[in-house]
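Q: Residue numbers (our numbering), protein chains in the order written: chain A, 1 to 325; chain B, 1 to 185; chain C, 1 to 742.
These are computed hints drawn from the structure, not numbers from a lab.
With a cut-off of at most 27 Å between alpha-carbon atoms, the simulated DSSO-like pairs for lysine-lysine come out as follows:
(1) C:Lys556 <-> C:Lys529
(2) C:Lys652 <-> C:Lys681
(3) B:Lys184 <-> C:Lys323
(4) C:Lys710 <-> C:Lys677
(5) C:Lys204 <-> B:Lys128
(6) C:Lys259 <-> B:Lys184
(7) C:Lys529 <-> C:Lys541
(8) C:Lys643 <-> C:Lys681
(9) C:Lys62 <-> C:Lys72
(10) C:Lys672 <-> C:Lys652
(11) C:Lys643 <-> C:Lys104
(12) C:Lys376 <-> C:Lys582
(13) C:Lys652 <-> C:Lys608
(14) C:Lys204 <-> B:Lys184
(15) C:Lys710 <-> C:Lys672
(16) C:Lys72 <-> B:Lys125
(17) C:Lys259 <-> C:Lys323
(18) C:Lys660 <-> C:Lys677
(19) C:Lys64 <-> B:Lys128
(20) A:Lys150 <-> A:Lys60
(21) C:Lys605 <-> C:Lys397
(22) C:Lys300 <-> C:Lys323
(23) C:Lys296 <-> C:Lys608
(24) C:Lys72 <-> B:Lys128
(25) B:Lys128 <-> C:Lys556
(26) C:Lys62 <-> B:Lys128
(27) C:Lys397 <-> C:Lys140
(28) C:Lys643 <-> C:Lys72
(29) C:Lys446 <-> C:Lys672
(30) C:Lys64 <-> B:Lys125
(31) A:Lys212 <-> A:Lys147
(32) B:Lys125 <-> C:Lys62
(33) C:Lys486 <-> C:Lys556
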Amino acid sequence: MELHIVGTNAITYPAMHVWDWRVASYLFLGGLSGGLMIMSAVNYIRPKNGQNADTLNAWKIPVLIPILLTIGLIFLNLDLERKLHAFWFYLTFKPVSPMSWGAWIVLIIYPLLIAYALAALPDNITRTIKYPTIRNWADALKPHLLKLAKVNIIAGVLLAIYTGILLSSLVARPLWNSPILPVLFLTSGMSTGAALMIILAKTKEMKLFFTKIDIWLIMAELLILVLMFYGHYVGDAVHQQAIAPFFSTSHEFFPYFLSIVVLGICLPLAVVLKFLEVTGEHTEELTTSSLLMMNFSALLVLVGGAVIRFALVYAGQLSGYSSYL
Amino acid sequence: MPRYVMVIDQSRCIGCMSCVVACKRENDVPPEQYRTRVVEMVRGEFPRLRTEMRSELCNHCDDPPCVHICPTGASHQEKDGTVQIDRRKCVGCKACITACPYDVRYINEEHGYADKCSFCQHRLKEGKEPACVATCVGRSRIFGDLDDPNSEVSQLLRENSWRVLKPEVGTKPHVYYINQFPRKS
Amino acid sequence: MAFSRRNFLKLAAMSAGSTLIADTPFLSTRARAEAEGGNVRYVATSCEMCFWKCGVIAKVQKNKKGEDVVVKLEGNPFHPQSNGKLCARGQAGIGQLYDEDRLKKPMIRTGERGDGQYKEVSWEEALDYTVEKLKAVVDKYGPHAVAMMSHGSPGDYFTNLLMAMGSGNIAFPSFAQCKGIRDVAWELTFGHKPGSSCERVDLKNSKVIVLFGTHLGENMHNSQNQEFAEAVGRGAKIICVDPRYSTAAAKASLWLPIKPGTDMALLLTWINLIISNGWYDKEYVEQYTVGFEELKEAVKGYTVEWCAKETELHEADIIEAAKDLGRYAPNVMIHPGRHVAWYGDDTQRSRAMAIINAILGSWGREGGIWLPPKGKLAGFNDGIPEYPIPDEDPIIKGNYPFAGGEGLTQVVRDVTITGKPYPIKAWFVCGTNLMKSLPAPELTRKAIDSLDFIVAVDLLPTDTVMMADVILPECTYLERHDGLFKIETRETGVAIRQPAIEPMGESKPAWWIGSELCKRMGHPEYAVKDSSMDDLQAWEKRMRRQAKAWGIDFDKLADEGYITIPDSEAPYITPENQPVFKTPSKKIELFSSELDEKHFDPIPKYEKVEPPPEGMYRLVYGRSPVHTFSRTINDQWLWELQKENQVWLNTKEAARLGLKDNQYVVLENQDKVVSNKVLVKVTERIRQDCVYMVHGFGQNSKRLTRAYNKGADDQQLITRYKVDPITGGTGMRVNFVTIKEA
Ligand SMILES: Nc1nc2c(c(=O)[nH]1)N[C@H]1C(S)=C(S)[C@@H](COP(=O)(O)OP(=O)(O)OC[C@H]3O[C@@H](n4cnc5c(=O)[nH]c(N)nc54)[C@H](O)[C@@H]3O)O[C@H]1N2
Ligand SMILES: Nc1nc2c(c(=O)[nH]1)N[C@H]1C(S)=C(S)[C@@H](COP(=O)(O)OP(=O)(O)OC[C@H]3O[C@@H](n4cnc5c(=O)[nH]c(N)nc54)[C@H](O)[C@@H]3O)O[C@H]1N2
Ligand code: SF4
Ligand code: SF4
Ligand code: SF4
Ligand code: SF4
Ligand code: SF4
Ligand SMILES: [Mo]
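Please model the complete structure; the sequences and the hints are all you need to start from.
A: See below:
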């Protein structure tokens, strides 16, 4: 067919490129924050935690979460074409808009995260806070740490899953329009959260604990990824088309092909490394090589999580229902 | 309340692009951006060729994903069924652009808000047809009120078999296409 | 006026009828403005983005600085050329008005001719300098040494100037490069041209429409395309004869991809088929024509079998088309075409087209060619004296017995180069881009180089303008008065051009420039009455006098933009409305006595055109719906729709040459001229023996910031042309090219 169109908008045709690395980074950091909320809460809640030797270190994570989320939101804000109008997000609530949900979830999560961070602060740190109000708040919240952690799990799930729901609700983009996508984003968010826990953790016990969790999560993530592609593959032509860039060796789709290769290496390799770690014999103190391996495999997971977000954000915009066939 | 729709008689479109320019000037659309476009598809092999011509614009969907996704309510559906954008409320998040299956939205490069065909709402208020309809040299674009059984659009939809674009996405468009190809006589 | 549903319904109901929406209730410009609360102004005027002269309503608003700005253009529903609509170019008139590249001040050349160096000067200085230079030429060589070439409305005012000076050397590219040839052919046949303001083709009522070339949909003359779409919508049979699958072909029920240059074979074979099968209108032929027997005899030998070989069409298709013409005659037409300067045998081809229309009885019949409207308008020259008789006969007709009064541009050029029969040493160039519109541009350049003086009146710094010694900036059609225009469609009417806003920069209307030059050349009696250097109202006053002489209400005309002359419409033959044929025999001359007298074939004959040499393609060209030649390609709103042209090449040929769609190529013609680089469109939509491109691109003038160097110029490759011996038309489809990667 010879196709000639006059009057197309460069951003939407031939392939839409509306959302870029800023949105991808936000989705990654949003998912990571959600994952961390869940994982750090798990760390507090899990039995025998009371005397956990790593409590001293664990408080850094609740403090880190709002920072990560804020960076993510800065990326998101960078993407807004009319930043000065952003207050309109909060003058409406649109029940059917995942975007609106997202805005409100973030709004609700912030105080929660701050409360959580304050509650987690160890006394020696609290004492150094200059502002008495904050100090008082921290002291008052401290007894509620476990309750806050539980709420954080729910909020974390919401945050991580909503990033996926946002994309999956878009019928117009077949690659995103899959019910598995939110589950994928949730699992991936949790696995990156666990990975960051591993990197930040100081003790062998804690590292091994999250390594174990992460093995399950990555396996689940891999399975969901495969299922997602399979879902598209057995779907109609449009969905088959949607995943084509990932399996094309043509020059223009190289980045997508590469992303599959990277995922195909990163995640399984991470699983294998982690498996070796948890089944291996460990001395009281972790050896340097063990440490390196753990951190390296965690890093692989983080890279994988980012690759998933970037690849899906970009490839999703290539996919669509063409009426020019 | 009227229910505004457009009927596009593809056989009558002669690809003059007058609609495209009229729309741009009427609505002050920035350079290189468009609210409407004209598509020409030629199939076959010399000398047995067949052409489909059609103009495209916002479908003012009855079930508009662009409105559903909009976080601020900037994109909304009016009582007359048209889908409009309240520019004040638009944060430029572009969700509506990704949500629209018809790729008819864009960010206005001069002002940053999302924009698209408004069915020339301002002209309707003045009792005028949309600019693209008024100037359509082939009279391929026909505009009117679907709730009025005597309107030309109602008649055309009664008398012709029609289709909408991408019915599979379930948006219930209100731009209807008739006569995909010129009649052979 | 608030939106009222009833009102809107009325609109819709009216446009639902079978006619076009000419009868849509409409408000005059004043009433429109009042209805909208008086914050806007509407001005009814006439478009000049091409020569169809559609009626335009310009919407004018004040900007923040309090200046008047034209914000939107719309078609005038009263005007039959627009029927309330404008084409893309008409819609984009604002782009011409606000083009930053426009000529803003008069300029005098300071460098070498063609190197683009100018100084800006005052009008006084520019006019005085022009007069000094013109006088020098007149003194030395006589007034006939001053020639003018023009196209469009500015021409009138300088024709006046040249005639006043005593020169008749005035030529328009609209004759020899365009439709003059066809007009002559139809005058020889019917004693009338097939149209003036528009072709008198009853498309909307026709049952069978045959288009030879005539690429409606790309050739975007407004009302004609409205009717074409109407015909397509009604299911009329469209037969499109074109080596290229044009937009019109896409709408056609039968596309005949004819071998270029063999149209005459098809036409003569059809005539033969129609006569030998008795498909013609016998009574009509009997009553209105002469020479039928000679015609019948002359076409006998043109068999379908032969035709199929010659034209490379299918026999069945050739017969089917002729049958359809016969079946639906007389409500059928062979469209006369407009640009017919193709192969140098163009008068005869146009004659053959006229002849088929005649034997099918379509002249004066519904769905055929309607009769010229009635409604004479009194002559009006505002009391200027008779023009002096030129001291030397004008050379504009060359040695072509049937060349028309519009003159042969290429002959003016030839005489300028040779100096024979007398020297031509000064050119006026008004509203024509000669470097682009005349074939063999290297000759145009040569002629310009041999001039003592050349002055250009234009809007834009085009290739030709940038060769002038003096550049006089005209204001656009949206800033000036012109006319009154007599508009002949189905009816006779009068239209007006009047300014929507004041001229920008120091640009001035052509009538003012012409008038000031008349005075300075010592012919004040030919200047516009009561005009002066700082007054732009004199022409409006003249228009009022003209309206009075014509018995027209000027204020109504100014308000509504167009006025109908009552009872002027009489399109079809009826017992009371009998056609008048202004031929020597007072009948339709199938056998042309005038051609016979001048020793040309009185009945067309087939002659082969030169085929492309092995490995080369014939270069053919045409229009883009969004551009008018070279005049619109710098217009922001059109430029962005089509920034450069493409060369169309058949898929098989592209494969053979190893070329891919949308890659840059260059063309080289038979005389080794190489084109600009141009994108190739690899397509099934064209025959294998020719390539096609849209005319008007490839501007060399750097001052056209958008258009400069975009696309390729067909004219550059048209180094040869074949002159039609009857009219002097320049056949331009006789050049051949090769293609290679850029
Ligand atoms: N948009 C737009 N419209 C215009 C103009 C414009 O500049 N822009 N210009 C106006 C003017 S002044 C004129 S004169 C007209 C010209 O427009 P037309 O009168 O329609 O011009 P043609 O040369 O008849 O048509 C060009 C077509 O002829 C085909 N052709 C080429 N060679 C042959 C051949 O040997 N035989 C046959 N049968 N067909 C052939 C080409 O493929 C092309 O499709 O357009 C007018 N309309
Ligand atoms: N190769 C080739 N040659 C052709 C043709 C072709 O198709 N191919 N077509 C032929 C035909 S059909 C024709 S009619 C001619 C057309 O030939 P031209 O009329 O010479 O073509 P344009 O490119 O329109 O040039 C118009 C000039 O007028 C200027 N102009 C525009 N509006 C105004 C105005 O209001 N006032 C003044 N003063 N100037 C103005 C423009 O800036 C431009 O310089 O070309 C013929 N030559
Ligand atoms: S066509 Fe697109 S922008 Fe228009 S209403 Fe439908 S989804 Fe929204
Ligand atoms: S870009 Fe504007 S209109 Fe579109 S979804 Fe965002 S806020 Fe709504
Ligand atoms: S209805 Fe108005 S806004 Fe929509 S495409 Fe037509 S002219 Fe443009
Ligand atoms: S104005 Fe009408 S005929 Fe012309 S391109 Fe647009 S829809 Fe087609
Ligand atoms: S046909 Fe188009 S460009 Fe020509 S006069 Fe009419 S509106 Fe203007
Ligand atoms: Mo022309």
